[in-house]
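Q: For reference, the chains in residue letters:
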Amino acid sequence: GAVVSQHPSRVICKSGTSVKIECRSLDFQATTMFWYRQFPKQSLMLMATSNEGSKATYEQGVEKDKFLINHASLTLSTLTVTSAHPEDSSFYICSASDSVKGYGNEQFFGPGTRLTVL
Amino acid sequence: AQSVSQHNHHVILSEAASLELGCNYSYGGTVNLFWYVQYPGQHLQLLLKYFSGDPLVKGIKGFEAEFIKSKFSFNLRKPSVQWSDTAEYFCAVNAPWSGGYQKVTFGTGTKLQVIP
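If you read the protein sequences in the order shown, they are chains C and Y.
The opening residue of the first sequence carries number 1 in this note's numbering; numbering runs sequentially from there.
The opening residue of the second sequence carries number 1001 in this note's numbering; numbering runs sequentially from there.
Rather than coming from a laboratory, the hints here were simulated on the basis of the structure.
Misleading hints may appear alongside valid ones.
Said to hold, decoys possible - Below, in silico cross-link-like pairs of lysine-lysine (DSS-like), each with a Cα-Cα straight-line distance of 25 angstroms or less:
#, chain 1, residue 1, chain 2, residue 2
1, C, Lys55, C, Lys14
2, Y, Lys1071, Y, Lys1049
3, Y, Lys1103, Y, Lys1071
4, Y, Lys1069, C, Lys41
5, Y, Lys1058, C, Lys66
6, C, Lys55, C, Lys20
7, C, Lys64, Y, Lys1103
8, C, Lys66, C, Lys41
9, Y, Lys1111, Y, Lys1058
10, Y, Lys1049, Y, Lys1069
11, C, Lys55, Y, Lys1049
12, Y, Lys1061, Y, Lys1049
13, Y, Lys1069, Y, Lys1058
14, Y, Lys1111, Y, Lys1049
15, Y, Lys1103, C, Lys41
16, C, Lys64, C, Lys14
17, Y, Lys1058, C, Lys20
18, C, Lys41, Y, Lys1111
19, C, Lys66, C, Lys20
20, Y, Lys1071, Y, Lys1058
21, Y, Lys1103, Y, Lys1069
Note that the coordinates shown come from a computational prediction; the quantities given were computed from them, not determined experimentally.
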């Protein structure tokens, strides 16, 4: 089956530093990748959608300069949390879809990255 | 805008009990519907999905869901739960592709605890 990995699984950083999270599709080409944020006891909140080779589309209320997304290849997307602050501490999950044909294609989820900003 | 609501936040059942988790969505057009499961310490996995056709969808591990268009519902069912079904379940809706990308909206999730 389709596998999506994320690295790192956990990261602790100091306030003001930047953190990069990688999302890779291991056995398929992901034309579209999604980044979600999950708060404790809450659902997944879509942050942005990225298509390979083009700029990411951010959801309302998500700061694009704060959360930089790069989808440079069909198997890799990165999320960089710039100048992280404690309120950015969260669980970040990526997912990937292997086609942009039509709609409703299944998304395959990564295991998530727990970010803690001190 | 599309939204998904799951009314049961935490469900506790004994093994062999029947399960039904509610999911309602709000979107006037054609939708695709999903149920995802997240086992403790694991990532989200697809349980089942509905695109079109038979409104009764069968998924993995004995789960099924019924799409009732008139009620905007997509409830998840299992006739007899097992301890290994302990997990968090998310309902999700995906509207037709628009603006060059697809988008899935998740419900708030239901934690299911099965007692041996």
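Q: Within 25 angstroms, alpha carbon to alpha carbon, are Lys1049 of chain Y and Lys1069 of chain Y?
A: At roughly 15 angstroms apart (the allowed maximum being 25 angstroms), Lys1069 of chain Y and Lys1049 of chain Y satisfy the hint.
Q: Are the Cα atoms of Lys55 of chain C and Lys1049 of chain Y separated by 25 angstroms or less?
A: violated, 29 angstroms
Q: For the pair supplied as a hint, Lys1069 of chain Y and Lys41 of chain C, is the alpha-carbon distance within the 25 angstroms limit?
A: violated, 29 angstroms
Q: Sort out whether Lys1058 of chain Y lies within 25 angstroms of Lys1069 of chain Y, counting only the CA atoms.
A: Measuring from Cα to Cα gives roughly 17 angstroms; hence the hint holds.
Q: Is the Cα-Cα distance between Lys55 of chain C and Lys14 of chain C 25 angstroms or less?
A: violated, 28 angstroms
Q: Lys64 of chain C and Lys14 of chain C were given as a pair; does the straight-line alpha-carbon distance stay at or below 25 angstroms?
A: holds, 21 angstroms
Q: Would the hint linking Lys1058 of chain Y and Lys66 of chain C be met if the CA-CA limit is 25 angstroms?
A: Roughly 41 angstroms between the alpha carbons, so the hint for Lys1058 of chain Y and Lys66 of chain C is violated.
Q: Is it true that the CA of Lys1103 of chain Y sits at most 25 angstroms from the CA of Lys1069 of chain Y?
A: holds, 20 angstroms
Q: Are the Cα positions of Lys1111 of chain Y and Lys1049 of chain Y separated by 25 angstroms at most?
A: Holds, at roughly 19 angstroms.
Q: Is it true that the CA of Lys1111 of chain Y sits at most 25 angstroms from the CA of Lys1058 of chain Y?
A: It holds: about 21 angstroms lies between the C-alpha atoms, which stays within 25 angstroms.
Q: Holds or violated: Lys1103 of chain Y with Lys41 of chain C, Cα cutoff 25 angstroms?
A: holds, 22 angstroms
Q: Tell me if the straight-line CA distance from Lys41 of chain C to Lys1111 of chain Y falls inside 25 angstroms.
A: Status holds; Cα separation ~10 angstroms.
In terms of the numbered hints stated before, the structure departs from hints 1, 4, 5, 11, 17, listed from lowest to highest.
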